[in-house]
Amino acid sequence: MEESKVIVHGFWASAYVYRVIWALKLKGVKYDYIEEDFSNKSQSLLEYNPVHKKVPVLVHRGRPVVESSVILEYIEETWSDDPLTSLLPSDAYERSVARFWIDFGQQVSRTLFAFFLSSDENKETTSKKARETLEIIQEQALGGKKFFGGNRLGLVDLSYGWLAHWLEPIQELVNVKVLEPNTLPTLYRWTIDFKHEPVIKDNLPDSKALLEHTTRQRKKFTSPPKNN
Numbered sequence: 038m039e040e041s042k043v044i045v046h047g048f049w050a051s052a053y054v055y056r057v058i059w060a061l062k063l064k065g066v067k068y069d070y071i072e073e074d075f076s077n078k079s080q081s082l083l084e085y086n087p088v089h090k091k092v093p094v095l096v097h098r099g100r101p102v103v104e105s106s107v108i109l110e111y112i113e114e115t116w117s118d119d120p121l122t123s124l125l126p127s128d129a130y131e132r133s134v135a136r137f138w139i140d141f142g143q144q145v146s147r148t149l150f151a152f153f154l155s156s157d158e159n160k161e162t163t164s165k166k167a168r169e170t171l172e173i174i175q176e177q178a179l180g181g182k183k184f185f186g187g188n189r190l191g192l193v194d195l196s197y198g199w200l201a202h203w204l205e206p207i208q209e210l211v212n213v214k215v216l217e218p219n220t221l222p223t224l225y226r227w228t229i230d231f232k233h234e235p236v237i238k239d240n241l242p243d244s245k246a247l248l249e250h251t252t253r254q255r256k257k258f259t260s261p262p263k264n265n
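Residues in the sequence shown are numbered consecutively from 38, following my numbering.
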């Protein structure tokens, strides 16, 4: 029915958008996808997300849900009939642990964004902090498990999924490897297992195009401001 239609407003290179796509695919939810042009944002996007004016936006029953972490929770709670597609543990304590690591992802993003913007002068410092943060994820969150929640994908995996694909072009541009099999073997193995999952493997941006996009973004953020 039209009233229950699901629409995703996204951008092809956004890891935040792919989190939403992965979750919907894992739940078996059909949706329509609208690609947004950031230089000419659609009127629908501006109406659905008037505060941040960003993607992703999930529209369900004509109502918008914004911010990827909020959308993931909405998807989990809305399509919860089948326990086999649950993306959070059934146990209340385990759910709280999962939510902690999802929230910790914001700190991870800030640390790795600083690494992304590294200059020759601070590269050693930012890469050291990046490795230390990734080590926390490996030792404290992932442990010896295949995925963060056990043997199948969950919301924590989707939240950190960008490390498996989007970190590659960042490391190439900075010319420093912070996630390697010899230093972070368990987390590195997770990135391989994650990308081998059919839902993930079939829904990733092209690596070459992503590198080109990431190169433009780094230039944009690191270039000195133009004088008026």
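A couple of the hints might just be wrong.
[Claimed, not checked] Calculated cross-link-like contacts (lysine-lysine; reagent style DSS-like; alpha-carbon spacing at most 30 Å):
| id | residue 1 | residue 2 |
| --- | --- | --- |
| 1 | LYS64 | LYS42 |
| 2 | LYS62 | LYS42 |
| 3 | LYS182 | LYS232 |
| 4 | LYS257 | LYS165 |
| 5 | LYS78 | LYS67 |
| 6 | LYS64 | LYS78 |
| 7 | LYS91 | LYS245 |
| 8 | LYS256 | LYS78 |
| 9 | LYS165 | LYS214 |
| 10 | LYS160 | LYS245 |
| 11 | LYS78 | LYS90 |
| 12 | LYS78 | LYS214 |
| 13 | LYS183 | LYS238 |
| 14 | LYS245 | LYS62 |
| 15 | LYS78 | LYS62 |
| 16 | LYS42 | LYS67 |
| 17 | LYS91 | LYS263 |
| 18 | LYS62 | LYS256 |
| 19 | LYS160 | LYS214 |
| 20 | LYS91 | LYS62 |
| 21 | LYS238 | LYS256 |
| 22 | LYS232 | LYS257 |
| 23 | LYS214 | LYS238 |
| 24 | LYS232 | LYS183 |
| 25 | LYS67 | LYS263 |
| 26 | LYS42 | LYS245 |
| 27 | LYS90 | LYS238 |
| 28 | LYS257 | LYS160 |
| 29 | LYS183 | LYS245 |
| 30 | LYS238 | LYS64 |
| 31 | LYS64 | LYS183 |
| 32 | LYS42 | LYS238 |
| 33 | LYS214 | LYS166 |
| 34 | LYS263 | LYS78 |
| 35 | LYS90 | LYS214 |
| 36 | LYS90 | LYS62 |
To be clear, the hints were calculated from the coordinates, so they are not data collected in a lab.
Which hints from the list above does the structure break, by number from lowest to highest?
12, 18, 25, 26 and 35
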